[in-house]
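Student: Residue numbers (our numbering), protein chains in the order written: chain A, 1 to 374; chain B, 1 to 374; chain C, 1 to 398; chain D, 1 to 398.
Everything labelled a hint here was simulated from the structure, so no lab data went into it.
Predicted model, so just to flag it, every value in this text is computed and none were measured.
Do not rely on the hints blindly, as some may be mistaken.
[Said to hold, decoys possible] One side only, chain B facing chain C, incomplete, derived with CB under 8 Å:
id, residue
1, Leu66
2, Glu69
3, Ala254
4, Tyr256
5, Leu257
6, Thr259
7, Lys274
8, Met277
9, Ala278
10, Tyr292
11, Cys293
12, Leu295
13, Ala296
14, Ala315
15, Arg367
16, Ala371
[What the hints assert, rightly or not] Residues from chain B that face chain C, not an exhaustive set, calculated with beta carbons under 7 Å:
id, residue
17, Met1
18, Phe3
19, Ala272
20, His275
21, Leu281
22, Val282
23, Glu285
24, Ser289
25, Gly312
26, Leu364
27, Leu370
Note that the Cβ used here is the ideal one computed from N, Cα and C, for glycine as well.
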Amino acid sequence: MNFDPSDEQKMLADSAARYVRERCDLESRRQSAKSAEGFSRRHWQHFAAQGWLALTLPDGVGGLGLGLEEMAVLMEELGRGLVAEPLVDSTVLCGGLLAGTTRGDTLLPLVASGEAILALAHLEQGGRAEYDCPVAASATPDGDGWRLHGVKHLVCHGAAASHLLVSAREADAAGYSLFAVDAASAGISRDAYTLIDGTRAADIRFDQVPVAAADRLHGPAGAADALGEALDSAIVANAAAALGAMEAVLELTADYLKTREQYGQPLASFQALKHRMAEMLVDTEQARSMLYCALAAQAGGDGNARRRAVSGAKALIAQAGLFVTGQGIQLHGGIGVTEEYAVGHHYKALQMFAQRFGDTDFHLQRRARLALEH
Amino acid sequence: MNFDPSDEQKMLADSAARYVRERCDLESRRQSAKSAEGFSRRHWQHFAAQGWLALTLPDGVGGLGLGLEEMAVLMEELGRGLVAEPLVDSTVLCGGLLAGTTRGDTLLPLVASGEAILALAHLEQGGRAEYDCPVAASATPDGDGWRLHGVKHLVCHGAAASHLLVSAREADAAGYSLFAVDAASAGISRDAYTLIDGTRAADIRFDQVPVAAADRLHGPAGAADALGEALDSAIVANAAAALGAMEAVLELTADYLKTREQYGQPLASFQALKHRMAEMLVDTEQARSMLYCALAAQAGGDGNARRRAVSGAKALIAQAGLFVTGQGIQLHGGIGVTEEYAVGHHYKALQMFAQRFGDTDFHLQRRARLALEH
Amino acid sequence: MNLQLNPEDLAFRDEVRAFLAANLDPAVIYRSRTEVHPPSEADRRWWNSVLNKRGWAAPGWPQRYGGPGWTPIQRHIFDMECRLAGAPELRWQGLRLIGPVICEFGSEAQKARYLPAILEGSEQWAQGFSEPGAGSDLASLKTTALLEDEHYIVNGQKLWTTEGGDSEMGFFLVRTDLTSKHGGISMLIIDMASPGVTVRPIEMINGDVSTYEVFLDNVRVPRENLIGEPGSAWTQTKFLLNNERTSSADIDKAYGDLRRIRAIASGESKNGRPLLEDGDFLRRLTQLELEVEALDWSVLRVLCGAPSRRPPAAAASVLKIRGSQLQHRLGELAVDALGPRSLRLFTRDQAFAAEPAPLWPGYVPGVRADQLYMRACTIYGGAMEVQKNIIAKIAFGL
Amino acid sequence: MNLQLNPEDLAFRDEVRAFLAANLDPAVIYRSRTEVHPPSEADRRWWNSVLNKRGWAAPGWPQRYGGPGWTPIQRHIFDMECRLAGAPELRWQGLRLIGPVICEFGSEAQKARYLPAILEGSEQWAQGFSEPGAGSDLASLKTTALLEDEHYIVNGQKLWTTEGGDSEMGFFLVRTDLTSKHGGISMLIIDMASPGVTVRPIEMINGDVSTYEVFLDNVRVPRENLIGEPGSAWTQTKFLLNNERTSSADIDKAYGDLRRIRAIASGESKNGRPLLEDGDFLRRLTQLELEVEALDWSVLRVLCGAPSRRPPAAAASVLKIRGSQLQHRLGELAVDALGPRSLRLFTRDQAFAAEPAPLWPGYVPGVRADQLYMRACTIYGGAMEVQKNIIAKIAFGL
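Chain A with its partners taken away, still in its complex shape:
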C-alpha cells in the first residue's frame, strides 16, 4: 500500500495547479458565472487541449483510459480554483454511461475534444436522489427507434449541453432505459435558470422526441446499475474537488487571520480562532481519508464495497466540507458573506456537492442498508 502519486499524477497535479494559479482568479470566475452558459469556454478549450476531458474516457474513442485516481488528482486542484466547467458531468458521469456502447464510439471522441457537452436528464418532479428517483418519462417504439416524452428536472448544464442522456420507461418494463439525444432535436424545449454556484440548470420538456435505435444506451435490465456506477464515479470526482475547496479555504483563512487585526491584536493571536482552524483541519483530513477509502474501493472491484465506500465518502465529505467552508466564512467575518471574497464561493460549491447525487441523509441510509446486507 502506498499513497505516493505516480510521475504522471504529479505532472497532472502540477499543470492543473499552475493553470488555477495563473488563470482562475476570482474575478473571471464571477464573470463566467454571470455569463449565459455559467462557465468559461476559454477554460473548456484549455481542458480539452490538456486532455483533461479525455482523461477517464476509454482509449480507442479519443480517451486516455486513465482511472479515477488521476481524475481525483486533477479535480482536487481544479476544486481549489472553483472550477465551474461541466468536466465531471460530461466526461465522468455521461462519458461513463456512453463507454462501451455503439453510440459511444461516435460521440465519445467529441466529448474528449470538448466539441460535445453531455448532461444527464434524469430527475423528474418529486425526485430527490438520482439513485432512486421515480421516472415517468416514456419511450415508445417508433419504427426502428423510439419517441421520448416527458419532463426532466434540474438538468445541470442542461442549457449548454449539446447532447442529453435521458432516462425513460418502455411500456411495461420494470425499470427505465437510457437514451442519448441530440439537444437540438425537434420537440425539446428547455427552461434554464441559475444555481447558487452559477451553474445553469434547466427543466427540459421532451415532446415525442424521435431517437434512433442506436441511441438507446442501456435497456431496463442494465440502465439503473450503469447509472449507479457512473454516479458513484462522478461523486468521487466531485469529492476530490470538494476536498480542494476545503484546502483552499484552510489557506485563505489562515492567511486572513495573520493579516487582520481586532482590538489591536492580530486575529491570529486569538486562541478560539486558532482552535477553530485546528478543528477545520481535523475534518479536512478526515475528508481526505474518506476520498482514499472511496478510491481504494473503486479500484478493488467489489461493487457492494464500492457503493458502501462512495456513500460513506459522500456523507462525510459533505459534512466536513460544509463545516470547514462555513467556518471559513465565520473566521473571515462580514466579508466572508459577500461575493467579493472566494470563501463564500467555496461554501456554495460545497452546498452543491452536498445536495447533488443524493444528500447526506440518503447516503447514510444507503450505506446503512448496504452494511446490513453485507
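Chains B, C and D: place on chain A using the hints.
Tutor: For chains B, C and D alone, coordinates are given in the frame of chain A:
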C-alpha cells in the same frame, strides 16, 4: 406572567441551600454512596423534619399539598448538593400514584414522615422506558385479594424500600394494574446492586405474593395514564435537580479555572476555555427555560401539552446536562475524572437523569408523535 | 411565580390577529414569507404607514412620542403575530435603533423633524457604525467630524451600512475630538443626499444587495444634527443596545422558519411518503422546535425580568448566541427539506416574480437566499466569538 | 498510488488470526472485551509471555533486541487482529514507551538488565512524567534527583502514574541540574520497591483504581540507572513520542467498540424490533462506523508516509483529536444501546465475576465503566486543547 419565586419558595430555596452548604460535603456524599442503602438516613430524617417529603403530597394525609414549582425550587438546590436520597421516587413518583387511593390514606402519612420509602417496581426484562415497557408480571385473583407473580428489573432504591408499587397484568386485561406491596411480604426476594451514582437498585422476584384488594391502586383502565402522569412529574422534579447540578458545575469550573495555572498562565486566561464556559452557560440557560416550559405546561392543565413539554424538557435538559457536566470534567483536567472531585459525580448524576424514565431518543420520538397528533 | 399568559395578553393577541387578518393580502404575505434579503422596500413603507395609522408603528417608543404603551410581553406577542401572519418586516434602523435614541437624547427640534417621518415610514434610516478594520470593535473608529463655521466636516468610510442605498437619512458614529483616544465619539445625523456621500453596493452571498459601503468625503453637516453632547455616543450606543436585549434572539423569525419548514415537509415526499413522516427529518425538526421553544422561554424570562444569577447583559449574549446558531440550523433544515431544488438561487426579484408551478411550488423561492444570507447572523451585531468573550467576562469573571 | 493491501500483508493477517484462534480461550476473551480499566494484570503477564515465545511481544523494537521486523502496516494489522480477537492488552509502558528508549539510548548493562524482563512481561513498568500542577506541561517539573556518592537522591511527587501500584519498575523525569530552567531534565529508572517510594491509589470515576500518585522521599537510585547523558530527557521523550505517532488514534479499540455496539444492538430490542434496525440508532452507528473507517485510513496514511501539506507532527495531533472524540461518542452510543441497564456500574472485579443471565447478558459488564473511564482520553496524553494549539502552530503558523 412572572418568574419571581413566592416568599414561601424563597424560604424553601434558602433552607435547602443552607443545608447543602453546611451538611452535604463531597466526603459524606461518597461515604453514603458506599453505605449499604446508598444514601444517608441522617439526610432523610432532615428532609422529613423539614417537610420536604410531604411537599407534594395531598394535605389531609400528612402532605403540604404544594405543587411541582415548589418541588422544582427544592430539587434545584438539592441537585447542587448531589442529593442521593429517594425523595422524588418515594414522594413525587410513588406518592403521586397513591394520591386519591384508599391505600394512600394509610400509607401516604408514612411517606410524608419518612417512615415509609416507596419504590416503583415496573420495568422488566426487555423494557427500556417506563412509559411503554412490556409488563409480563401477573396478578391473579385470590379471595378478595390478589397474588402477584413475576420479576421486576432495575428497581431504584428497591433494597431500601419499605413498600413497592408493582405493575402486573390481570387475566385477559388489555393494560396492567398497579399494586402497593409491603416489601417484607412473603415471596419477595431482592437482588441488589449499585448504580453509577451510588443508588442501590434491585431485581425483585415476586413469587405468588399475596396482596389485599385495597392494595390495588389503579386498574387496567387507568394505571398507564396514572403512571404516565406520575412519571411526567418525577421527570420535572429530577430535571430541576439536573439543573442544579449544571449550575454547580458552572461555579466549580469557573473557580477552578481561576485558581489553576498551565504554562505559567492562569487557566482563566485561555480564550478557548473561556468560550467553553460561555457555551456551557448557553446550554444551562436553555435547560432552565425548558424547565419553566414544563412547569408552565404542568400548571396549564392540558394533558397533551404537558406530555409534549415534559418530553421536550427531558430531552433538552439531558443533552445540555451531559454537555455541561462533561465539559466541566474536561476543563478540570485529570482530577475531573476522579472520585475525589465533585464534577465527576455531577456528570454521573446527569447520566442517571438521561437514562431514567425514557432516554433522549424516546422522548424526542414521543414529542414528535404528540406534535403530529396535536 | 405565574407562568401563564394573563387574560389581557390573550385578548391583546386576538386583537392583533384580527387586525393582521384584515390588513394583509396574499401577495404581501407571499413576499414577506420568502424572507429574501433585503425585503420589498415598498411593502415595508406601506406597512409602516398602515401601522402608524393604527398607532402601532413604534411599540418600543414612549407613549408621548407615539408609542402604544404596551408591556414587553405585548410587544413580544405583537412581533410574533406579525411574523406568523406574514406581515412585512419594518425598517428597524429608524423604529428600533435611532428613534428611541432621539426620543431620549434628541433636541426638541430633532424630535419634531425626524420622529413623525420615522413613524410614518416616509424616511428610512441607515446605521453608520462599522468601518473597514473595525467590525465589532468601535474603539478603533476613524471617521472624523470636525467643526467648521457651525458645520461638521465629515470624512471617512463606513462598512456594513444595511440598506444604505435605500435610505434618506443616516446616523453615524464619528470622532468629533481627535485628542481623546476612547472618548470623542459622537452620533451624527447625516442626510444621505448630502454632497460628498457616496454608497457602494456590496453583493452578498445570496446574490442580492442589502448592505453598502458608505464614503464620506468632506460632507458638510449642520451642527444641530449632532445628538446630545459631543463625545456622548457611548451612552447613546449603550442605551440603543439595551433597548434591543431580546431582539437578537430573532425568535419570531425562528418560529416563521419552523412554519415554512413544516410547509415544505408537507409538500415534499421521500421514499413515497410525506417528508414530514420521515424519521430522520422528524428528529431534526423536533430538536429544532424544542430549542426554539426554549429560546422563546429565555426571551420571556428576560422580558419579565426573571431572577438570574448572572447580570442581564449576559442573558442578551446568550440569546444572541443560541438565536443565531438556530438561524443557521433552521436554514440548513429548510434547504435539506427542499433537496436538490434548494440549489436554484432565486434572487429577490426572481422570488417576487416567481409563479408557483408543479416543479417549483410557492414555498421554494427565498429558502436558499435566506439560508445563505443568514450565514451573516453569527457575524453581525457582535460576532459569536465576541459574545462568548462577553459572557465569560461578565457571567464568570474570566 | 496503490491503495490495496499487498498479498504478503494479507497472508500475514491470516497467520496472526490463526495464532490468535489457537491461543485465546473464551474466559480471557470475555475479560479483555469488558474493556475495564485497569484490565486483568494476570492476563496481560500471561499473554506477554505467550507472545514472547512466538517472538511477537515487541513489534516496535529493532530486530536485534527481539523485534519481529514487521512493517508499520503489519504492526497495524497485528494490533487490530489482537483487539478484534479479544486478546489481552499488553503493558504499553514497558513495551511501547521505555523499551524502545532503552534500545536506543540505554547502556549495554541497562539493555541486558531490563529488556528481557520487558519482553517476557515479568517486570511491569510505570511512567513518572506528570506532576501536580504540571499536566501537559513538562517544563515546570519539580522532582529533583541530586547526585550524592554515586547515587541520585530523588525527591518529589508524580501524578497520573498509570498502574504505578502494579509495577516493579518505573521511569521518571527528574531534574538533575537545578541551575538550568528548561534543560537539566533526565530520565531515571527507579525500582518501585526502593525505600522512600510510596504510591497512593486514585479512585477513578469508573470506581476502579488504574492510576496512582507516587511520592518520592529521599529515594536512593544508583547512578547507572540514568538513561543516556544527564539532561538528555527531552531527546528521549521526543523519541518516545515519535514512536507513538499513530497509537493515540486508538483505532483498534474503536473497531472493538463498534463490534461491541453491534453485539449489544443485536441482543437488545426497541419497539419490539431489534435495536439494530431502529432508524435513529442505525444512523448514529453508521455515522460512527464511517468516522472510524476514515480514522483508519488516516492512520494508514501516516504509517505509509503519505504525502501531506502539513508536517507529520500535525497528523499525530489530528489522529489524537479525532480518535479521542470518537472514543467519547462510541462510549455514549454503547451506553445508549444498553438503555437503563447501562446505569449499573460493574467494577472490574464485578465484571470479571459476572455470570451472563437473561436480565444481564454478557455484553453488559464493562460498557459503562469503559465509557466513564474514557472521559479521560481527551485529557491524558496531551489534552484536546493542547493538541489544537499544536496544530494551529505547526500546520498554520498561528
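Student: It remains to establish, for every hint, whether it holds in the given structure.
Tutor: Evaluated hints:
no.: 1; hint: Leu66; in the structure: violated, 12 Å
no.: 2; hint: Glu69; in the structure: holds, 5 Å
no.: 3; hint: Ala254; in the structure: holds, 4 Å
no.: 4; hint: Tyr256; in the structure: violated, 11 Å
no.: 5; hint: Leu257; in the structure: holds, 6 Å
no.: 6; hint: Thr259; in the structure: violated, 12 Å
no.: 7; hint: Lys274; in the structure: holds, 4 Å
no.: 8; hint: Met277; in the structure: holds, 5 Å
no.: 9; hint: Ala278; in the structure: holds, 4 Å
no.: 10; hint: Tyr292; in the structure: holds, 5 Å
no.: 11; hint: Cys293; in the structure: holds, 5 Å
no.: 12; hint: Leu295; in the structure: holds, 6 Å
no.: 13; hint: Ala296; in the structure: holds, 4 Å
no.: 14; hint: Ala315; in the structure: holds, 7 Å
no.: 15; hint: Arg367; in the structure: holds, 6 Å
no.: 16; hint: Ala371; in the structure: holds, 7 Å
no.: 17; hint: Met1; in the structure: holds, 6 Å
no.: 18; hint: Phe3; in the structure: holds, 3 Å
no.: 19; hint: Ala272; in the structure: violated, 10 Å
no.: 20; hint: His275; in the structure: holds, 4 Å
no.: 21; hint: Leu281; in the structure: holds, 6 Å
no.: 22; hint: Val282; in the structure: holds, 5 Å
no.: 23; hint: Glu285; in the structure: holds, 5 Å
no.: 24; hint: Ser289; in the structure: holds, 4 Å
no.: 25; hint: Gly312; in the structure: holds, 5 Å
no.: 26; hint: Leu364; in the structure: holds, 5 Å
no.: 27; hint: Leu370; in the structure: violated, 10 Å
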